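Peer 1: Here is what each chain is made of, one letter per residue.
There are 2 protein chains.
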Amino acid sequence: MPDRPRMLFSAFNEFVLSHHDQGLWAHPQSRQLELNSIDYWVDVAKLLESAHFDLLFFADVLAPYDIYKGSREPAILSGMQTPVNDPGELIPVLAYVTEHLGLVLTQNVLQEHPYAFARKISTLDHLSRGRIAWNIVTSFLPGAGRNLGYGGLPSHEERYARADDFLDVVFKLWEGSWEDDAVVRDLVNQRYVDPSKVHEINHVGPYYDVVGPHLSEPSPQRTPVLFQAAASNVGIDFAGRNAEILFTSLERSNAASNIAQLRAEAVRAGRRAEDVKIFGGLSFVLGSTEEEARRLDKEFRDAQSLEAAFAKYSAFWQFDLSLLKPTDRLSDILNGTVINNDVRKVLGFSPDVDWTLEEFVRWIATRRAVGTPEQIVEEIEAWQDLGVDGLNITYVISPGTFQDFADHLTPRLIERGLMRSEYAPGTLREKLFGAGPYLPESHPARAARAIFT
Amino acid sequence: MPDRPRMLFSAFNEFVLSHHDQGLWAHPQSRQLELNSIDYWVDVAKLLESAHFDLLFFADVLAPYDIYKGSREPAILSGMQTPVNDPGELIPVLAYVTEHLGLVLTQNVLQEHPYAFARKISTLDHLSRGRIAWNIVTSFLPGAGRNLGYGGLPSHEERYARADDFLDVVFKLWEGSWEDDAVVRDLVNQRYVDPSKVHEINHVGPYYDVVGPHLSEPSPQRTPVLFQAAASNVGIDFAGRNAEILFTSLERSNAASNIAQLRAEAVRAGRRAEDVKIFGGLSFVLGSTEEEARRLDKEFRDAQSLEAAFAKYSAFWQFDLSLLKPTDRLSDILNGTVINNDVRKVLGFSPDVDWTLEEFVRWIATRRAVGTPEQIVEEIEAWQDLGVDGLNITYVISPGTFQDFADHLTPRLIERGLMRSEYAPGTLREKLFGAGPYLPESHPARAARAIFT
Numbered sequence: 128m129p130d131r132p133r134m135l136f137s138a139f140n141e142f143v144l145s146h147h148d149q150g151l152w153a154h155p156q157s158r159q160l161e162l163n164s165i166d167y168w169v170d171v172a173k174l175l176e177s178a179h180f181d182l183l184f185f186a187d188v189l190a191p192y193d194i195y196k197g198s199r200e201p202a203i204l205s206g207m208q209t210p211v212n213d214p215g216e217l218i219p220v221l222a223y224v225t226e227h228l229g230l231v232l233t234q235n236v237l238q239e240h241p242y243a244f245a246r247k248i249s250t251l252d253h254l255s256r257g258r259i260a261w262n263i264v265t266s267f268l269p270g271a272g273r274n275l276g277y278g279g280l281p282s283h284e285e286r287y288a289r290a291d292d293f294l295d296v297v298f299k300l301w302e303g304s305w306e307d308d309a310v311v312r313d314l315v316n317q318r319y320v321d322p323s324k325v326h327e328i329n330h331v332g333p334y335y336d337v338v339g340p341h342l343s344e345p346s347p348q349r350t351p352v353l354f355q356a357a358a359s360n361v362g363i364d365f366a367g368r369n370a371e372i373l374f375t376s377l378e379r380s381n382a383a384s385n386i387a388q389l390r391a392e393a394v395r396a397g398r399r400a401e402d403v404k405i406f407g408g409l410s411f412v413l414g415s416t417e418e419e420a421r422r423l424d425k426e427f428r429d430a431q432s433l434e435a436a437f438a439k440y441s442a443f444w445q446f447d448l449s450l451l452k453p454t455d456r457l458s459d460i461l462n463g464t465v466i467n468n469d470v471r472k473v474l475g476f477s478p479d480v481d482w483t484l485e486e487f488v489r490w491i492a493t494r495r496a497v498g499t500p501e502q503i504v505e506e507i508e509a510w511q512d513l514g515v516d517g518l519n520i521t522y523v524i525s526p527g528t529f530q531d532f533a534d535h536l537t538p539r540l541i542e543r544g545l546m547r548s549e550y551a552p553g554t555l556r557e558k559l560f561g562a563g564p565y566l567p568e569s570h571p572a573r574a575a576r577a578i579f580t
Numbered sequence: 128m129p130d131r132p133r134m135l136f137s138a139f140n141e142f143v144l145s146h147h148d149q150g151l152w153a154h155p156q157s158r159q160l161e162l163n164s165i166d167y168w169v170d171v172a173k174l175l176e177s178a179h180f181d182l183l184f185f186a187d188v189l190a191p192y193d194i195y196k197g198s199r200e201p202a203i204l205s206g207m208q209t210p211v212n213d214p215g216e217l218i219p220v221l222a223y224v225t226e227h228l229g230l231v232l233t234q235n236v237l238q239e240h241p242y243a244f245a246r247k248i249s250t251l252d253h254l255s256r257g258r259i260a261w262n263i264v265t266s267f268l269p270g271a272g273r274n275l276g277y278g279g280l281p282s283h284e285e286r287y288a289r290a291d292d293f294l295d296v297v298f299k300l301w302e303g304s305w306e307d308d309a310v311v312r313d314l315v316n317q318r319y320v321d322p323s324k325v326h327e328i329n330h331v332g333p334y335y336d337v338v339g340p341h342l343s344e345p346s347p348q349r350t351p352v353l354f355q356a357a358a359s360n361v362g363i364d365f366a367g368r369n370a371e372i373l374f375t376s377l378e379r380s381n382a383a384s385n386i387a388q389l390r391a392e393a394v395r396a397g398r399r400a401e402d403v404k405i406f407g408g409l410s411f412v413l414g415s416t417e418e419e420a421r422r423l424d425k426e427f428r429d430a431q432s433l434e435a436a437f438a439k440y441s442a443f444w445q446f447d448l449s450l451l452k453p454t455d456r457l458s459d460i461l462n463g464t465v466i467n468n469d470v471r472k473v474l475g476f477s478p479d480v481d482w483t484l485e486e487f488v489r490w491i492a493t494r495r496a497v498g499t500p501e502q503i504v505e506e507i508e509a510w511q512d513l514g515v516d517g518l519n520i521t522y523v524i525s526p527g528t529f530q531d532f533a534d535h536l537t538p539r540l541i542e543r544g545l546m547r548s549e550y551a552p553g554t555l556r557e558k559l560f561g562a563g564p565y566l567p568e569s570h571p572a573r574a575a576r577a578i579f580t
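Line by line, the protein sequences are chains X and P. Numbering-wise, our numbering puts 141 at position 14 of the first sequence, and it's gapless, one number per residue. Numbering-wise, our numbering puts 293 at position 166 of the second sequence, and it's gapless, one number per residue.
Only chain X is shown next, with the shape it has when bound in the complex (with noise of 0.2 Å):
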């Protein structure tokens, strides 16, 4: 008997070998050694489409990891998140053969114009008849600064008065070229569109100057969903005015204080705070028996490799973590003077126990809910009750976990209401929020529709 509200699920992934769960590429159940090729990621998406996920999410990088030890050997060497293909050119062929998925495509302002970028999208949600999310990101990596002619990497301030300006000009695109009965299809007249009801930008900012007209008629949600990821105080502000899904990761203990400052963000912005989806991540790993799920957890923790993960948290953290000993201990380490403030507050989030480094990063690594099918439903709705209305899964291997997510969690979802049976009709947008396919009025990006008047 359904007695749950619905979630949303979307599946955490990424355009190469290795995501998250780094080395179990090599696992004889995964086959993420077929990353380049559409046959694999065909597969994977109608998975996901028969477990009725609301999303799949590709995040990406533009650069490799080349912190930790001040190289890019470590994260390159076991394929993580380099090689990483563009994530653009897959999602298309993914729109083609499922119906009803999500698609969500990360790419950071620094990678494209916004004139080219805005028809990328309004592309993908014409051939996707409405199914495209845009990640917002800024980029978090020197290196990409570096390869895309930025020399290094703008300041976060700088990078999100970019993002401002790139959002103003594709929301004109977007919201304010095109009519919305500009295409007229007069066939008599050999007229396909009303001239007068297709407008110049004439955009001009501090980063970007933009005629126009957008390039592609309207397309079915006009912008796609605004998806970001909340992480400081810049970002927050920013997603707050512009984010219809945010992604953030969250700690139990402080899940619902975090919630409330991101939707009382919105709410300041002048948008209504259920206008915001907030997904939290989840990793799991599953048995028959408890015992069962135990004993595969620890296969592929012992499996996973420690080498790429230090390479990893030394990017996400910005800090090269072989300047600390695996075998310091957190409580020294924070008494200590190598490590700066951020990564301070990353190290001392959880300290209840005091790991040594290693432990510590072994541990952020392969944390997830391990247990029975029931057991990890019972962690679902326990992220429910603390206030998320959404999940990103991350695979341990792939397609192997999700094809667990299908069998076995899929429908003792559906049977306690916290999955749909069915998808809803209509666009992406429609399907998320049960309103109409386009950007509802409190969004700030209408204001652009002010170019028709």
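FYI, nobody ran anything at the bench for these hints, they're computed from the structure. These numbers were taken from a predicted model, which means no experiment stands behind them. A few of these clues could be false.
Treat identical chains as interchangeable: a pair holds within one or across any two.
Derived lysine to aspartate or glutamate pairs resembling DMTMM-like cross-links, with alpha carbons at most 20 Å apart [claimed, not checked]:
id, residue 1, residue 2
1, Lys324, Glu200
2, Lys472, Asp424
3, Lys404, Asp364
4, Lys173, Asp534
We have chain X; now place chain P onto it with these hints.
Peer 2: Below, chain P alone, put in the same frame as chain X:
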């Protein structure tokens, strides 16, 4: 009995409602109104593969045509190349639904940073198993420059200088960053890559500074097949150095000398004359009798939008044809002072008939081979006799023109040896040139492999 050498066939297309024959999207047999739908394009690509086409070529523009009458209205009204979606998002789907068809992406060097572009192409080459070609363009539309942050269009010389730097970057990434045996796939030691065989490129150029390494592992062709349209002298020098396929608008009267000049440019750049395949263009209308073909051609001509043709050629020639009267005779225009030398050249190339401007534009917009299938094949043979290696086939209506080709020309072309009855195995480069998947040693891009040593 096959008695002819093989020719290459490309379908000339663009991700638009209306490419070359304006107004015919409204024809009852056209499916062009489905431009935003994947299914239409999937059908086109499958049809072309069933017709043994070598290539499906996507042109592209990044601004509406806006020279004629100083306005984009005449072009946009008839849906002529605006709206124009992103071909880079369509090609992956067409790669998925075909097995052998080569896919040509046009992208200009102003649009995207070469680091991100190189990954996009490598991804496409992986997903298509080596069937990607890149049509290198530098844009000819001032509007594109205004939309992409260049203010207007950089000068011809500056665009080609930028293109040289752009090619340096992408050649280094495709050819010189990952060695052939860099990917080791060592399951036992969880080593995917030998990091000592992945190299930074450390490019410092006049326009682009890029550290690297390349983000994707080597794709089947590494560098895509390089396509180019040759026009100006600077363009011819650039094409002679780089292009593997040259698409050029040839007149019968000077085809042989133009082809000789294009091949000579390649030789001057240290390459072999046979390293470059030269394509002309062909449009056709066929009927079971010559009379039927002429009747159909007249029907298509009568449906052609002349206003849109004026808008197109005004953009092509970057001269506002509304400054002349449609009833002016070419002889008067050529002797007058309104036109510049570039326009004098195009209006004066065929001086046999002293047309009015309107007659001339109508002629140039609708000239094509008209006749029975046998007569069209003879026309194709005539082009081969003039020295072209292939033809880029323009549709009159889509997919009707390509269906006619499949039904009536393909069998006859196979019979005469002009077309193969089966696709050759391997990558696009192997199918086209009959040698290996990579650029030949004589291509200047191969010098980028020196980073390895």
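Peer 1: Measure nothing new, just compare the shortest in-copy and cross-copy C-alpha distances for lysine 324 and glutamate 200 to 20 Å and report within, between, both or neither.
Peer 2: between (54 Å within a copy, 10 Å between copies)
Peer 1: Within, between, both or neither: how does the pair lysine 173, aspartate 534 come out at a Cα-Cα threshold of 20 Å?
Peer 2: Result: close within a single copy only, 14 Å intra versus 36 Å inter.
Peer 1: When no copy is named, should lysine 404 and aspartate 364 be tagged within, between, both, or neither for a Cα gap of at most 20 Å?
Peer 2: Answer is within: at 16 Å inside a copy they meet the 20 Å cutoff, but 55 Å across does not.
Peer 1: Check lysine 472 against aspartate 424 for me: Cα-Cα at most 20 Å, and say if that holds within a copy, between copies, both or neither.
Peer 2: neither (28 Å within a copy, 75 Å between copies)
Hint 2 from the earlier list is the only one contradicted by this structure; the remaining hints agree with it.
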